[in-house]
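Visitor: As a plain string of letters, each chain reads:
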Amino acid sequence: MEDLKSYIKQYIRETLPFMGKSAIGMLGFGKFEKYGDKDNKSNQQVALIRVLFFLLIISFLVIAIRLSYIVTFKGEEYKRTVYSQRQTSDIVIPCERGSIYDAKGTVLASNIKKYIVILDAKQVTDYSKQMGNSAYIESTAEALHQYLGYDKQQIVDFIYNNPKDAYERISKDENGKVIALDAETVKPLMEAISASKEKGSTIKPIYGIQFEDSYSRIYPNNTLACDLLGYVNDGDVGMYGLEQYYEEDLKGVNGRSFGYINDYTNLERQIVPAKNGNSLVLNIDASIQRIVERKIVEVNESMDYEDRSGSYNTGVIIMECDTGNVLAMAGWPFYDLNNPREVSVDKYYSTKQINELMSTFAKKEGWVNGVSSNIFIEEGQTPYFKVLNEETGKDDVVMLTQEQLDKLDDDLSGYVRDGVWKNFCISDTYEPGSVAKTITTAIGLDSGKLVPSDSFACNGVIEILDRTIHCSHRWGCGGGDLRMCLVKSCNPAYTQFGKKIGKETFLEYTKDFYGIKTGIDLTGEVSAENLVFNEKTLNTTELATASFGQGFNATMIQMICGFNSLINGGQYYEPHVVNKIVDENGCIVKNIEPKILKQTVSESTSDKLKDYCIGVVEESEGTGKKSRPAGYRIGGKTGTAQISGVGGYQAGQYVVSFMSFAPADDPQLVMYVVIDRPNIPDQSSGAVNQACELTRDIYTEVLPYLNIPMTEPLSEKEYEELLEKGIYTSNIVIEEDVPQDNTDIADEMTGEIIEPAN
Amino acid sequence: MRENIKEKKNTAKEKLFSAKEIDISIIFIAIFLSVFCLVFVYSALAFEEGASKTILNVLTLKSSDRTLIKTVVYIVLGVTGMMILATANYKALKRVFPFISKILSNPIIYYAVSCGLFLFIAVMKNVGADVGGESEKTAIVGGGWLLKANGAYRWIRIPGLNISFQPSEIAKFLLIICFAIMIYNAGMSLKHVRGIVVYLIFAAIPTALIFKCSSDMSSAIVMLGILFIMMFVAAPDLKKSLAITGTLFLAGILALTLIVAIYHGKEESEINFYQAKRILAWLYPDEYPASADQTNQALYAIGSGGYLGEGIGNSMQKIKKLPEAQNDMIFALICEELGFAGGMIVIIMYLVLIFRMYMIAQNTDNLFERMVVVGVIAHVGLQVIINICVVTRLFPNTGIPLPLISSGGSSILFMYLELGLVLNIGKSIVRK
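Those protein sequences? They're chains A and B, same order as listed. Those letters in the first sequence? Residues 1 to 758, per my numbering, in order. Those letters in the second sequence? Residues 759 to 1190, per my numbering, in order.
If we strip away everything but chain B, and leave its shape as in the complex, we get (with noise of 0.2 Å):
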């Protein structure tokens, strides 16, 4: 009955892109998040050298100026890849361009391009020339090739045309692609432990690159995730993959224990093991104030925000206290300026975001399509929850960005085309 539905919309309408049916609540939510994301990394730059009031005029610009078109320029770019991902007919696609579409179905090109985009920069963060400091925090190394911020090599960058993306973004992206269709493949193979493990040597050899190379420690976290969800939500043996879970979970809190174990006691100063010092800080805020400053300073905004806030354009906390109040600290900014309400009202557009996404995945009957909107509900829930969990300390602190809120162009242009794929995959499901 369904199957005769399908068929019958799908020899109806073989054109190569189609909006109907498509969820327009997403779209909304994702364009009302977007607002957000204009306004407060606005409000988190603007102050510093006084706001131009003539945006317009190309000579004035300021570097809060730069940021604010750069990010609009990376919202457009992104709704339109959205549009472009969710109206894509992929059956008449199939039809049109048979080749395209089986080298896409085989999830070999996927894993190749991650894996290169991280060995490009281990080989040429040791090949390349340092070329010089782009800006107080980045500097320009790799001959030219790579950004380098805080010890940690987040960026390629195309020296003509002095643009910069993140690959793990472009990682993350991909590699729910790649491991949805390796899921569709091979999900049998993952009844037995045997098979998950080999699906996690495969998860795990882009997670090492991402460290590794990139020195990104919280992209690794949130990349092993999402695929851990992903083999965890497609196991069909539930005693299997519940215990190779909590077997991690309790390697976890040894290897949490015994790093408390080590440190506790010791000087600030004499730690060197930078993730310790920030386990640490985050249990004995009093005994680690420099590295419990960055938290302290976030908790200081959304306590002083109150219910309402401060207004838009008013956080004390954003003028030298607040350190990437435009990026991984923007939840705080939020809820200075417009309190614990507004706090709510970010929270609460996630959560429906996830609702469409979760729908969306319930009523999907293709194994590959329901494993990409559950990578991307990972990917949303994951950096939602521990961006916000840092900022209030229920987290070590670590740097993620808030998704589609936090300034940076790679986050959200590839947020924005996860989120394409997701409509394209609800507009083929039937509504119950």
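If we strip away everything but chain A, and leave its shape as in the complex, we get (with noise of 0.2 Å):
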């Protein structure tokens, strides 16, 4: 121990002054031994300066290596990042979507400018460093309070924590996903913000708050021709409709806004205006397709048996005889354009019909079997179904487990919004039951097999095979010549007529009406090419009932093209809904003319089968007398056809329909009318009447505003009518003895297709 200390007592002894030497000495005081003067280590530091060039050079090489390594083997993937770097400062400028006008120029769907709201905070930032001052932080943070609301600390914070953000979109909604604000709510934050920033502004001026436009899709007359038009998805995508179908012409471009390096090496901003979508000009008149709304409404609002409120579907379509322009089509049930996502199971069926609907899907996916299986739903059970055993003949009960139950719900929702988005007139396909008969009648005229005076005794059944066929009177129509059959609607005649015509001629001529698409311009056109004979199918009994419209099925769309061209000459139009397509200006970009497709009969044919169909409507026997309107004649042809399902004809359920033109000696109007399950009472007789009588109610507004006059005199009761509606029309003649017309006609009931049981 006392070694040690005194060792480093006498190393520090030592150490001090000779460190103290050291330093006088180096600072150029006192004598000290100089280099050189007594070992010359020139050599030594010679070669040390060798070593050091060395490792320099060395050096040298390994960053020459490290370059050569990061340009052969990283080259690509730092340029590619270099690129994306760029084009993520690149800013979108949105287009407008077209808009869509109808015929007089009322607006159908537009859109309204919005504003994503934009926190820049490497502007505040910047500034207030600047500036040397935090408080225009809390500036822009009490703007974003005070006008919109947001929470002050939340912004502060933001900023704070990224001082290098120039872009983030603040506007949010509860789910946190980016929402443009009506300019309502952000234009007192525009103006506060503007003001802030004139000379003798007493608050400080507020930096970093951007907006950036946006544009959101509006429809004016919210469910007005919903079908039709379709709606815009949260991604600015047309859905349904003509939304869809003209989505290239509608979308427009986007504008871009974009840096580059000019020859100067400037950076130079560049923008790409935005282009904005073509307009869509309609053959619709959103009077004619109000007109035609609120009649299916009422007559559905007028059908409340039993806890439920209309049909299942009711569609109309109104086209321009000589033209196949569309003027009015419509599908119930609506759906608010606005808000397509609104769509839910009770709004729109009744209890019963979600039981029906519910117990068909179970059906399909084979947990139940049975002829009378509804679903039972009871608060606080188990829902179950209750079958008809026919051994017992008593009800079992079938319950069901949870995840039935799921499936069930999932099938009926999905089904429900699939059925009410789509256009029931083009996407829905049925059996058209007796409205066929003018085509099967046509086809007879037109080939020869069928002359007018051909006739048929009816005694109310005819069996085809194995089948029995029944007349709509039960008892026997009595028939007659050609034309009484079609005014009686007699479906044992037409079984006889279906047979003279013969198969070949038969499948000839209904590939012009069935099977195809008719080409509107409209997504979700079915042409049920599948769903109709071809050679192999088309055999006697099939024959037979095709003859009259059972047995296979069509469009609305089909018929009413296919009837049009019957009763204007034979001309097959094309149907349209757009008129033309103009740009953002006006300008017409494409003109949409009537199209000729085909001469499906000749004149001589047509015009007798007008004659037949305003004997349907005059005739005292004729089927559709109630869908005569006040002041004028009209022609038409009622139908009254079974539902096809699972397990053959659906008992108690039908398609009634009314396929129309107006005036009678010069068509210009034809109106298809198809309510699908009408929910009264007896569906089998009389319900065809409603068709009727929508068809009426619709003509009694609609020909009035299309100023066609008036051909038939009033009676004093129908021209009260008219003057209580409100409407006026000019040549109103009125003929005081017109016999009141009391009887009481046959309504048209339909004619039973008997199965063979198998």
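Among these hints, one or two may not hold up.
To be verified - Pairs of lysine-lysine residues, derived as DSS-like cross-links and limited to a Cα-Cα distance of at most 27 Å, are as follows:
1) A:K21 - B:K997
2) B:K1079 - A:K122
3) A:K21 - B:K860
4) B:K860 - A:K74
5) A:K122 - B:K1078
6) A:K79 - B:K1079
7) A:K129 - B:K1078
8) A:K79 - B:K1078
9) A:K9 - B:K998
10) B:K1078 - A:K164
11) B:K1079 - A:K164
12) B:K1079 - A:K129
13) A:K113 - A:K5
14) B:K997 - A:K164
15) A:K129 - B:K949
16) A:K9 - B:K949
17) A:K511 - A:K595
18) A:K500 - A:K595
19) A:K172 - A:K187
20) A:K500 - A:K511
21) B:K883 - A:K129
22) B:K1078 - A:K21
23) A:K197 - A:K21
24) B:K998 - B:K949
25) B:K998 - A:K21
26) B:K970 - A:K74
27) A:K5 - B:K970
Hints in this document: simulated from the structure, not taken from any laboratory.
Dock chain to chain to rebuild the complex, using the hints, since each chain is given by itself in its own frame.
Guide: Here it is as structure tokens:
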């Protein structure tokens, strides 16, 4: 211990003077042995400098290797990164989607400008740094808090935490999704910002808040023409209807603002302006469309039998006779285009309908079988089905698991949504029923297989092979010539007419009418080509039922286009909804002219058929008597068709329809009304009157609106009714002695097809 | 024999200035590098507000043009200063101004001026009031006498003239001369560890002042590196200097490991010690993206340049991505615009420059002269290596200018003056 202590003392005693001496010597004072005086170490220094130089060369080599490594192996990757960093600085300038106008210029769909609020934290931070005052950050946060209700502290924190973020979209909904705000909401803030930057402003200038334009689709008439127009989804892409069909024309091209380096190495901003979408001008007349939709709602509300409001579907199409232009098209149920997702099951269907639908799905899944099995949902109980057990004659109860119930719920809401959104007039197929008799008649006359004098004596029933076909008059309508058979809509007669026409001729003609797309400019048209007959399937029975419109499927648009050709002289027009496409300045980009696709029947056939159809409305035995509007003569044909489903034709469920044209002598309009399962106590008889009356109600308002002169005298009662409705016509003729039409006409009833039990 | 020839020369021409036997190649390389400097400083800045095409039209001068003109002025000043120093005849000077040469041959004056500059910063930054912002990045503080950028006081500013200079660059120039004299004075004391410690204490004081007063870590590292290399070359006992080098090296590695061990794993925003952040971002660039971004952008620039580059003026990275493209990151800009080839040309130029100086250092007999040349070699070499290693991620990010190419008046001016000293020394050597 002592040794160590003394050693350290000794060392310090020696060291300190030496160090002091060295220091003084280095500073150039005192005498100190200089280099070179005793032993010159020059050679060692030269060697060390050489080592130093080699170390430098090695460092440079390492750097060169590193550089070549980066360039050779990372070059491509880094180059891509450089370009991708550039692209993010691009700004998208939104384009405006094209509007949709009706024939008179009424706006059916347009856009409103909205604003996305952008917080530029970099601008605020830079400015406050420059001024050395953080109060600017506060004033920005305060403005956002005052005008838009954001949390002040949150904004301040964001700016402090992201001082380099120049683009943060802060207008969000509860789920954190970026939304655009209405002009009224952001306007006070915009004004406050510009006011704060003016000279003499009392508050601190607000920096770092910017607004980005955004367009939002708006439908001013909410539900009007919903199936026709379709809607726009969150990604601004059209769904259904015109929005989807004309997507390419409507959508436009977004503009871009991007930086690039020009020849003088300046960073310039280049702006490619947005190209707004083209607008559509429709053939649809919003006034007619409104009348049609109002009448559809009225008729459906009037059918409030058994806790169920309205039909499953009600479709109406009005078409111009000589152009194929669609003037109105509507499919009940309607939905609000501004809130297309608000489609709840309860809103459209009653409990009974829901039960019916669910049991249909359950049968499809194979969970239940049997004739009448409805689902029973009671509070606090597991849902169950009651199925009739044929052996015991009692109801068996089939319970459902939660899984099965969820599946049924999914099926149901999917069905309802799809059913509401899609256009019944073009997307749904059904068996057209007696309306098809017009086509059968036209085929017969045009091919010469039938002549007007061909007659049939109906005794109410006829058997075709294994099937029994009833006339709508259970004990026989008596029949008559070709015209009277159409007027009375006699099914047994048409089985014979079909036989006369023959398979080949029937197939050749019907391929112009059924199983083809009409080419209407709407999304979702179906052709039903797999639901019609072909050479193999059209046998004797099928030919017999097909002659009166059962056993195959068609769409409404197919039927109305076909019928239109029958009464306008045989010209089959392509149906058009859009009249022209115009650009944002109103210049015509494309005119859509009427287009004749084919000649279906001869003019003389057409004339005869027109006469027959007038008979349907005018003859005392005609099935469509109730469709005659006050003041006009019209022609038409009724239809009551059975619905085919799981296990054959569905009991007590019918599609009733009325096809008509007006005025009778010089047809200008064709209208087709279809009510799918009208909600009345007995759908089998008299249901078709619902379609006839709907037709009459629509004509009563639409024909005067179109300034089509009245051809028939009005009775006093009719005149009063018209006055009451506020329909003023210049050429009202009142005839005193019109005999009161009291005869109770025989309503068209369904001619049942009794299928063989198998 | 050698002595005779030298004396003959000196007696024959005892003019105050003489350009005879000057090393032309060093001057050429320096001017070549300055041309690079002007081209790329302009390229780095000109895009910003759109370059004005009329440089002479003072009214429309943009900041890029102002920087260009400032750089040209400093290069002209630097070349003039270099030529004066290179041609000055020391012997004649000693004869004509004996008092001045006596003062200049003592290290104290250099040492005092260097330390005084940093003490001035230390005093002014506490005494003077903040004046305001000069530009987006720099602020005038210390009663108008200092400029502050990124938290470091790198500039002393003369208020009336609005001229500013970097004391660290002046200190490097002065301290190379100062320590060369000190080694000349007390060379043999470096034989002992104690002597080396004294030398290192002398070296540590100005280094600590740079680090402490102007918060300029990178200049402090270069400073210490230069003085250490001078000591290493001069120390007569190689074993002892190697032992000290090894000890310091191990201490450095230990410090690095400690920093990594302490801070690695913490969130980027939680680390306040920003040197630690830079070291971690160098080792784990993916985990510390904000701190690694600058170097990443430099790598993208180098990589996207390819072998032959995008062409002068066509850099994409300089626009708002590459920070300090005219300054610390200028090598990345050269690589993007002239490619690998351009980068190699610059490196080879530095190598030739250093080789010429190496030849002078090898062939001079005077210890003081040799030490000055070694100091300048160390200065150029260290700055080139550290600068390029930073942009290629071989070193952690630190701000060191590329000699003669980076913009920055003081660094260009005093680098030229150092080259002037080397040229002067080179005149007296005898070709073998």
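Visitor: Now, for every hint given, state plainly whether the structure supports it.
Guide: We went through each hint and held it up to the structure:
1. A:K21 - B:K997: holds, 23 Å
2. B:K1079 - A:K122: holds, 15 Å
3. A:K21 - B:K860: OK: A:K21 and B:K860 at ~22 Å, within 27 Å.
4. B:K860 - A:K74: It is violated: about 58 Å lies between the C-alpha atoms, which goes past 27 Å.
5. A:K122 - B:K1078: holds, 13 Å
6. A:K79 - B:K1079: Holds: A:K79 and B:K1079 sit about 14 Å apart, inside 27 Å.
7. A:K129 - B:K1078: holds, 19 Å
8. A:K79 - B:K1078: Since the Cα atoms of A:K79 and B:K1078 sit roughly 16 Å apart, the hinted pair holds (cutoff 27 Å).
9. A:K9 - B:K998: OK: A:K9 and B:K998 at ~23 Å, within 27 Å.
10. B:K1078 - A:K164: Holds, at roughly 12 Å.
11. B:K1079 - A:K164: holds, 12 Å
12. B:K1079 - A:K129: holds, 20 Å
13. A:K113 - A:K5: violated, 90 Å
14. B:K997 - A:K164: violated, 53 Å
15. A:K129 - B:K949: violated, 54 Å
16. A:K9 - B:K949: At roughly 23 Å apart (the allowed maximum being 27 Å), B:K949 and A:K9 satisfy the hint.
17. A:K511 - A:K595: Answer holds: A:K511 to A:K595 is near 19 Å, not above 27 Å.
18. A:K500 - A:K595: With Cα atoms ~34 Å apart, A:K500 and A:K595 exceed 27 Å; violated.
19. A:K172 - A:K187: This hinted pair holds, its Cα atoms lying about 17 Å apart.
20. A:K500 - A:K511: Holds. A:K500 to A:K511 sits at ~18 Å (cutoff 27 Å).
21. B:K883 - A:K129: holds, 19 Å
22. B:K1078 - A:K21: Violated, at about 56 Å.
23. A:K197 - A:K21: Measuring from Cα to Cα gives roughly 70 Å; hence the hint is violated.
24. B:K998 - B:K949: holds, 8 Å
25. B:K998 - A:K21: The given pair, whose Cα atoms are some 20 Å apart, holds under the 27 Å limit.
26. B:K970 - A:K74: violated, 40 Å
27. A:K5 - B:K970: Judged against 27 Å, a Cα distance of about 37 Å means the pair is violated.
The structure is inconsistent with the numbered hints 4, 13, 14, 15, 18, 22, 23, 26 and 27, although it conforms to all the rest.
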